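Turn these sequences into a full structure, and let the hints steer you where they fit.
Spelled out, the chains give:
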Amino acid sequence: MKLKSLALAAAIAFAGLSTALTSPAAFAQAKEQFFPVLVYRTGAYAPNGVPFANGYVDYLKYINAKGGINGVKISYEECETGYATDKGVECYERLKGKNGGATVFQPLSTGITFALTDKAPGDKIPLITSGYGRADTVDGMAFKWNFPLLGTYWTGADILIQHLAKKEGGADKLKGKKIALVYHDSPYGKEPIPLLQERAKHNGFELQLLPVTAPGVEQKATWLQVRQSRPDYVLLWGWGVMNSAALKEAVATGYPREKMYGVWWSGAEPDVKDVGAGAKGYNALAMQHGAEPNAKIVQDILKEVHGKGQGTGPKEEVGQVLYMRGMIASMLAVEGVRRAQERFAKGKVITAEQARWGFENLALDQKKLDALGFAGVMRPVSTSCADHLGSSWARIHTWDGSKWAFSSDWYEADDSLIKPLVKASSEKYANEKKIARRAPADCQS
Amino acid sequence: MAFFLETLIGGLMTGMLYALVALGFVLIFKASGVFNFAQGAMVLFAALAMARFSEWIPALLGTESKLVANLLGFAAAMVVMIASAWLIERLVLGKLVNQEGITLLMATLGITYFLDGFGQTVFGSDIYKIDLGLPKDPVFLLESVFQGGILVSQEDLVAALIAAALVAVLAAFFQYTSTGRALRAVADDHQAAQSIGIPLKRIWVIVWSVAGFVALVAGMIWGSKLGVQFSLSLVALKALPVVILGGLTSVPGAIIGGLIIGVGEKLSEVFIGPYFGGGIEIWFAYVLALVFLLVRPQGLFGEKIIDRV
Amino acid sequence: MLYRENGQFKTSYAADQQIFPIIQDRVLIVAMLVVAFVVVPLVAPEYLFRAILIPFLILSLAALGLNILVGYCGQISLGTGGFMAVGAYAAYNFFVRIDGFPVVVAILLGGACATVVGVLFGIPSLRIKGLYLAVATLAAQFFTDWAFLRIKWFTNDSSSGSVSVSSLQVAGWTIDTPAEKYLFCLMFLAVFGLLAKNLVRSHIGREWMAIRDMDVAAAVIGIRPVYAKLTAFAVSSFIVGVAGALWGFVHLGSWEPAAFNIDRSFQLLFMVIIGGLGSIMGSFFGAAFIVILPIALDNLTVAVGLNTALASHLTFMVFGGLIVFFLIVEPHGIARLWSMGKEKLRLWPFPH
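Heads up: the sequence lines are chains A, B and C, in that order.
Okay, so the first sequence: first residue is 1 according to my numbering, each after it adds one.
Okay, so the second sequence: first residue is 1001 according to my numbering, each after it adds one.
Okay, so the third sequence: first residue is 2001 according to my numbering, each after it adds one.
Derived from the structure by calculation, the hints contain no laboratory data.
It should be emphasised that the depicted structure is a prediction, and the values quoted were computed from it without experimental measurement.
What you were told as hints is all true, and nothing was included just to trick you.
List time: in silico SDA-like cross-link candidates among lysine to any residue, alpha-carbon distance up to 25 Å:
(1) C:Lys2152 to C:Gly2253
(2) A:Lys124 to C:Leu2048
(3) A:Lys280 to B:Leu1132
(4) B:Lys1095 to C:Phe2266
(5) A:Lys434 to C:Leu2108
(6) A:Lys73 to A:Val37
(7) C:Lys2152 to A:Gln197
(8) A:Lys175 to B:Pro1274
(9) C:Lys2129 to B:Gly1033
(10) A:Lys259 to B:Pro1274
(11) A:Lys308 to C:Leu2306
(12) A:Lys423 to C:Asn2093
(13) B:Lys1129 to A:Ser402
(14) B:Lys1030 to C:Ile2328
(15) A:Lys280 to A:Gln228
(16) A:Lys98 to C:Val2302
(17) A:Lys346 to A:Asn64
(18) A:Lys177 to B:Phe1003
(19) B:Lys1129 to A:Gly254
(20) A:Lys259 to B:Pro1135
(21) A:Lys273 to B:Leu1234
(22) A:Lys428 to C:Gly2253
(23) A:Lys119 to C:Pro2102
(24) A:Lys428 to C:Arg2150
(25) A:Lys119 to C:Ala2044
(26) A:Lys434 to A:Pro420
(27) A:Lys61 to C:Val2302
(28) C:Lys2129 to B:Val1309
(29) B:Lys1304 to C:Arg2224
(30) A:Lys119 to C:Gly2253
(31) A:Lys124 to C:Pro2045
Below is the structure:
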């Protein structure tokens, strides 16, 4: 009994003490720009989350090695979310006030993005959701604090359909074809459906929706259905282990991988490495970048960060698809801060509100991108008050059995169908939340 | 018609694989009365051990042969599972003798969390490969009778055969060896078994090791099918309806239950699913088990619970 | 010496049947309520509210509901997450579809819908018992998971299946600061805690406990199992549904069905078991343990400087290990330790 009560007392004391310790540190004069890094290095989605996180952090280290943003060093802290919304919210609450205040949050999860979209405006912290999140947040007049830079699921789906139309020989040739969407049954997977349905009406193809229960390990029935209905193309909207499971089931049911097209979150090395030769011919969207082992920025990072033993992950990962995605997300955040510094306080730490202005006024032309080391990797990005997207170009890349290689030209998303959807959706959101659209004068702040 | 047969065969084979996981549940419940929620984590842990050891050991020894690598990995994983069985009995079960069922259930849930974290710490959280050399391409049967033939996945077929072989081996083990008889005695009545001199603690270690072996085989097969990664432990959630439909204490029940659930799941998803928008597999399996339970509350082959007032 | 009931005579039945018959207990409770209602909103930092106190309050409400079902009536249920989801989505639909619908009424109606669903999925308990019932209730969990993803009407036709609420107002008072949200949840918890405590002390509570202990004998002496089990499911689902609505409305603000998945159900069951089955206090203890422990471990590992993956795995391991430890050390839960402590306190400073 004595040991028990001692152990109990110790446990309670420990709990109480750590509760006291959990409150974030008192505000200290910020000398460094603080970037919180929400990651998932564990759980069902870790294989894809880890390279993204490594790329993100490596780029921050690289900037620090180069002297920071106009002399301002970057401090960062990782927080594990495990792709769970409530853990993501807890990470947000814990890190938003730390080290002088978080500059920007990049949740890397559509679910967490939805939750933070409500909280961020109140705390005046911008969110960058590059290539994911709510597709209607491109409308900057309704969503002041969200920045889905470089692409959303609507632009991605649109470009996929454009590519398929081109393959068939013209948009009119899509009529009567059958396209199946195998998607992760979550907000992430369901987001492209409205646009695909619009496109189906517009181009005359039949859209078959095949949901896969999260985390997507069990897909036998789905692919038996694919075998029965024999669609002309299958679009894959998966994440984590669902991607490789889909490819494995495609092999097991004999569906040709050349007819499979994945979104940019379903087209990376962890998804195909496991399947090996069976995945040969599988195509996926490349949101501007693909696997870029020869890019100048990759060489620089290998030299400045990995060369000095500071690499976050293994060297072989540098230049892989998701690593590049993380790196580019990091670069956009850094460039936004740099732009904000130009207006507000060059060479000093800026607030999150000021950073938001920076993200809204990004003007990365090809010259600047080349100077940063992204020549041949990215196209110019320029955001504005009404347009938080910045650029909607993408390409297709294909797995040839050992690496990803680009297999198409650049496409730009066709706004004619997307714009009305965005407008309708953002209006619905504004009505539900009873918030007003921004006045044009607000764009100057 | 061809498609129906395809789905049926696919369901039967998937069912065998569920039965493999369900066997682990049944074994432990039969012998020690514990509903081992950690079975899924054990499957994952065993698969991770095998996948990683079959990478590390050949790299250490310098052998190139895949067969040797797999065998060594399997053996090493088996050692790990026996060690963890011993530890679990020593540290957890031994201290929780005579507690209520729900306490033991929660303890196994605690073990699940521990094994999940420990496995990923030691072996990593990437997707790892178990390459058994199974053919991944499908075969098409009866192409002359049905247009397009009936698709049968070779990998699943081999896996189902391995599962069936394992069940046969286990049945023989229980029936014809003295340890098997001792296990059956313990399952019948702990006190009586103890009174004739059967060492309970050692029996429990043996049972958990056998369950560990079953978990390893299941992990190996599922791992080679799906890749070894954290979500493998969720396969156990799909095996639970099998366990309750067949009866918690019956090995043949696990097999029959597995076949019923496998077929029911696939047929429902493919033929009924589209009317509901799809994705109904997992809850349909549970509802199916529930319907059976309403007719036979202890499962198809389970022991009737006799209440004395 | 301090905690004695000497000299406290009850002169009426009402006085005798109070929840806290000893004056010291009443003083302690009043002090705790004062601290909870008055002191905490004034001094606690925002992070404490958002990350610890509000989840603690809502989850202890849910654990309270689950304790009634599992601890008092003995029906093991793993579908709690599903009932929380029903409460949350039902409240959402009432709140969003009808303009100006009061939040409190929406939340209570959400609980009512959860009651209906709970009774429906509780019907198998009339035939199935024990572990079989536990697994059968998973049908409820997975069905609700699927229903809220697939049936668009439930999510007000949102394309992604994710819904959100904002601008909660009670009688003109807008709830937007963390302290206000905390008080809102605290009021629900206080009311429901009182209701639950009185319910389990009443004849219905005794019926539940009789069913739990020996259901055949209970039926023999005239307790109708149908009535007892289904009321347990009903009351439990109502409380759990209200907790679910609060979780979505107040804590998350914006949620998708994955917020109420099977991990949530297991988490609540942990709270109930570790806190103590069949004890109202136990729900609070269990909720505190399960809410604070992962955050404390996370912060500790970050403070020590481990990388996040290792830290997260270590959290899992320590969590699992501590659960097993607690079950070994005190299988009846923290509430048992609490009541043993009170027993010792009665005799203190004398040993016996």
